[in-house]
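Chains as they are written, first to last, in our numbering: chain C, 1 to 282; chain B, 1 to 251.
In short, the hints are calculated from the structure, not lab data.
Incorrect hints may have been included.
[What the hints assert, rightly or not] Here are the simulated lysine to aspartate or glutamate pairs, EDC-like style, with alpha carbons at most 16 Å apart: (1) Lys177(C) - Glu92(C); (2) Lys194(B) - Glu226(B); (3) Lys185(B) - Glu136(B); (4) Lys177(C) - Glu82(B); (5) Lys195(B) - Asp179(B); (6) Lys177(C) - Asp55(B); (7) Lys22(B) - Asp2(B); (8) Lys177(C) - Asp79(B); (9) Lys21(B) - Asp65(B).
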Amino acid sequence: MRLSRRMTQKLAFGLIWTSGAVAVLVLVFLIGYVVVRGAPEISFEFLTTPPRGGLGGEGGISSCIVSTLWIIVTTMVLLTPLGLGAAIYMAEYAPDNRLIAFVRYSVELLAGVPSIVFALFGYAVFVLALTLHFSILSGALTLVCLLLPYLTRTAEEAMRSVPRAQREAALALGATKWQVVTRVVVPAAMPGIITGIILCVGRTVSESAPLFVTMGGSSQMPDGLLSPGRTLAVHVFYLAMETNALEKALATGAVLVVLILVTNLLTNWISTRLQARMMGAT
Amino acid sequence: MDPKITVRDVDFFYGTVQALKKVSIDLREHQITALIGPSGCGKSTFLRSLNRMNDTIYGAKLVGDVLLDGRNVYGDGVDVVELRQRVGMVFQQPNPFPKTIYENVVFGPRVLGEADSGKLDHIAETSLKAAGLWDEVKDDLRKSGLALSGGQQQRLCIARALAVEPEVILMDEPCSALDPLSTLKIEELMQELKKDYTIVIVTHNMQQAARASEWTGFFLMGELIEYGVTGEIFSRPEDKRTEDYITGRFG
Numbered sequence: 001m002r003l004s005r006r007m008t009q010k011l012a013f014g015l016i017w018t019s020g021a022v023a024v025l026v027l028v029f030l031i032g033y034v035v036v037r038g039a040p041e042i043s044f045e046f047l048t049t050p051p052r053g054g055l056g057g058e059g060g061i062s063s064c065i066v067s068t069l070w071i072i073v074t075t076m077v078l079l080t081p082l083g084l085g086a087a088i089y090m091a092e093y094a095p096d097n098r099l100i101a102f103v104r105y106s107v108e109l110l111a112g113v114p115s116i117v118f119a120l121f122g123y124a125v126f127v128l129a130l131t132l133h134f135s136i137l138s139g140a141l142t143l144v145c146l147l148l149p150y151l152t153r154t155a156e157e158a159m160r161s162v163p164r165a166q167r168e169a170a171l172a173l174g175a176t177k178w179q180v181v182t183r184v185v186v187p188a189a190m191p192g193i194i195t196g197i198i199l200c201v202g203r204t205v206s207e208s209a210p211l212f213v214t215m216g217g218s219s220q221m222p223d224g225l226l227s228p229g230r231t232l233a234v235h236v237f238y239l240a241m242e243t244n245a246l247e248k249a250l251a252t253g254a255v256l257v258v259l260i261l262v263t264n265l266l267t268n269w270i271s272t273r274l275q276a277r278m279m280g281a282t
Numbered sequence: 001m002d003p004k005i006t007v008r009d010v011d012f013f014y015g016t017v018q019a020l021k022k023v024s025i026d027l028r029e030h031q032i033t034a035l036i037g038p039s040g041c042g043k044s045t046f047l048r049s050l051n052r053m054n055d056t057i058y059g060a061k062l063v064g065d066v067l068l069d070g071r072n073v074y075g076d077g078v079d080v081v082e083l084r085q086r087v088g089m090v091f092q093q094p095n096p097f098p099k100t101i102y103e104n105v106v107f108g109p110r111v112l113g114e115a116d117s118g119k120l121d122h123i124a125e126t127s128l129k130a131a132g133l134w135d136e137v138k139d140d141l142r143k144s145g146l147a148l149s150g151g152q153q154q155r156l157c158i159a160r161a162l163a164v165e166p167e168v169i170l171m172d173e174p175c176s177a178l179d180p181l182s183t184l185k186i187e188e189l190m191q192e193l194k195k196d197y198t199i200v201i202v203t204h205n206m207q208q209a210a211r212a213s214e215w216t217g218f219f220l221m222g223e224l225i226e227y228g229v230t231g232e233i234f235s236r237p238e239d240k241r242t243e244d245y246i247t248g249r250f251g
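Let the hints inform the model, and build the full structure from the sequences given.
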C-alpha cells in the first residue's frame, strides 16, 4: 500500500521529532545522572583538598582542577598560533599543486589517528627523548600534536568560505595580501575559528589516555610546566578503575562537565568581543 | 587632451583560452566610457586588466600595453597596490565588508596607513556625501554595512572606493543586482562623479550605456568591434555586428 503524501510527511516529521527527542533525553539523562549522583560528594572541602589516594579514593580534587587549568592554558597558548598560522598558509598562500594536496591529505589522515597513538609518540619523544619527563609540558605538547591537524583543518575551511568578493574588494582598495588576510579573511572566518578552538578546549579537558601516558598520575599540586599532574579526566579514570569510590568519580565528572560548560561560555564571550572589535564595532 | 588610459594591442589569456584579442582603446579623462557586449565577450576581463585584478587568477596572462598617464601598469617596478589605489573598482554584486558602515568607508585609508581619527572621520563624511549616501546613514555609521538595502550597499561600496581618492573608477555591471530606482540613483551619481574621476563602466543594459556615457565600446568574442561617441554608436553604428547587437538581434 502506498502512503498518501500527507501521511508520508507526518511519518517523516514524527521520526525526525523522535530522534531529536532521543538525543535531548540522552543528554539530559547522562548529565542528570552524573550530577545527581555526584552532587552530594561535592563540598568546599572536596574542591579544595588534593586526592589522598587509597582504595576509598580519599580526599578531594583541588590539584586535579589546577592541573586541568594548567593543561588547558599551556595547550591553547601553543596550539592556537600554530594552528592559525598553518591554516592561513594553507588557505591563502599555499600553491595549488600536488605537494600541497598531499600535505592536506596527510593532515586529514593525522586528524583520524587514535589519540593513544599520539600518546605513545608523546611518551617516546617528549617524556623520554627530550627528557621533559612526566610533566604538564609533555602533556600539552602531546595534545598540540593531537589537535593541530584538527584546528588547522577547521580554521582553513572557515577561511576558505570567506567569499572571493570580500578579498577582491579589499585588494581593489590597495590592500596588500597580508592586510587582506588579517583585516578581512581572519575576522570574517572568526566564528568558524572560534568553534574550532572551543572544540579543542573540550578535547583537552576530556582526553585521558594521552595525558595519563605523558603527565603521569601525580596527585600533587603542580607548581610549574615541568611538574607532573593529574587532570580531572585522568582522575575520573583513576577513581573508577583503581578505587571503589564511584560516587567521587561521578562527583569529579560533574565538576568536569561544569568546567567544560564554563570554558565554552568564556571562550565564546571572549571571541564575540574580539570579533566585534575586529569588525570595527565600538 | 591625452587619454587617461591608453590600451595598445592587448591579448589576454586564461591558461590557453584567449579572452581578449588585440584590444586597443583610449579612455578619456573625466568622461564616462561604457563597455557593452554579450556575456563572455571579454568586457569584464578587459575592465579587470586595467587595475590588474586578473593578477589574482591562476594562469592569467596579458600581452600588450596598458598605459595609465603614459606609464605601463604592467611594466617593471610597478607597485600593484599603488595602482589599485589610483584605479578603484566597484563590483557587480555589492560587496561591503561585514563591518560597520564607518569601517567600510575608512578601510582603504586605514590599510594605506591613515590612523588619525579626525582625518578618518572627515574622509568618511566626504566620501559618503560624494556617494550620495550621507543623509541616509549619518546617524547609523556604527551599524553594519550589511544592514543596508542593495542600492545603499552599492553606494556604500562607491563611497569606499572614493575614500582612497582614486583617479579612475572601474564599474563592473554595478547596477545588475539593483532595482530600477537604485539604478537611477547610481547613474545620477556617475554624472556627479565624472567631474572628478574618469569612469569606465561595463554594462549589460544598453539603455544605461546610451543614457549615462559619452563613449561606448562594443566587445564581441574578445575583440573590440567598435568604439566611438555614444550617440554615434547607437544611432549610426559602422559595423553590422554592432547594429545587430544594439537593435537586439542577439546577445
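Going down the list of hints, with the structure as the test:
1. Simply put, Lys177(C) and Glu92(C) have alpha-carbon atoms about 9 Å apart, close enough for the 16 Å limit, and the pair holds.
2. With a C-alpha separation of about 23 Å, the suggested pairing of Lys194(B) with Glu226(B) is violated against the 16 Å cut-off.
3. For the hint linking Lys185(B) to Glu136(B), the alpha-carbon distance of about 13 Å falls within 16 Å, and the restraint holds.
4. In summary, the hint linking Lys177(C) to Glu82(B) is supported, as the alpha carbons are separated by about 13 Å, within the 16 Å threshold.
5. With a C-alpha separation of about 26 Å, the suggested pair Lys195(B) and Asp179(B) falls outside the 16 Å cut-off, and the hint is violated.
6. For the hint linking Lys177(C) to Asp55(B), the alpha-carbon distance of about 12 Å falls within 16 Å, and the restraint holds.
7. At most 16 Å may separate the alpha-carbon atoms for a hinted pair to count; Lys22(B) and Asp2(B) exceed this at roughly 21 Å.
8. Restraint check: the Cα-Cα separation between Lys177(C) and Asp79(B) comes to about 13 Å, which is no more than 16 Å; the hinted pair holds.
9. Taking the CA atoms of Lys21(B) and Asp65(B), the gap is near 13 Å; set against the 16 Å cutoff, the hint holds.
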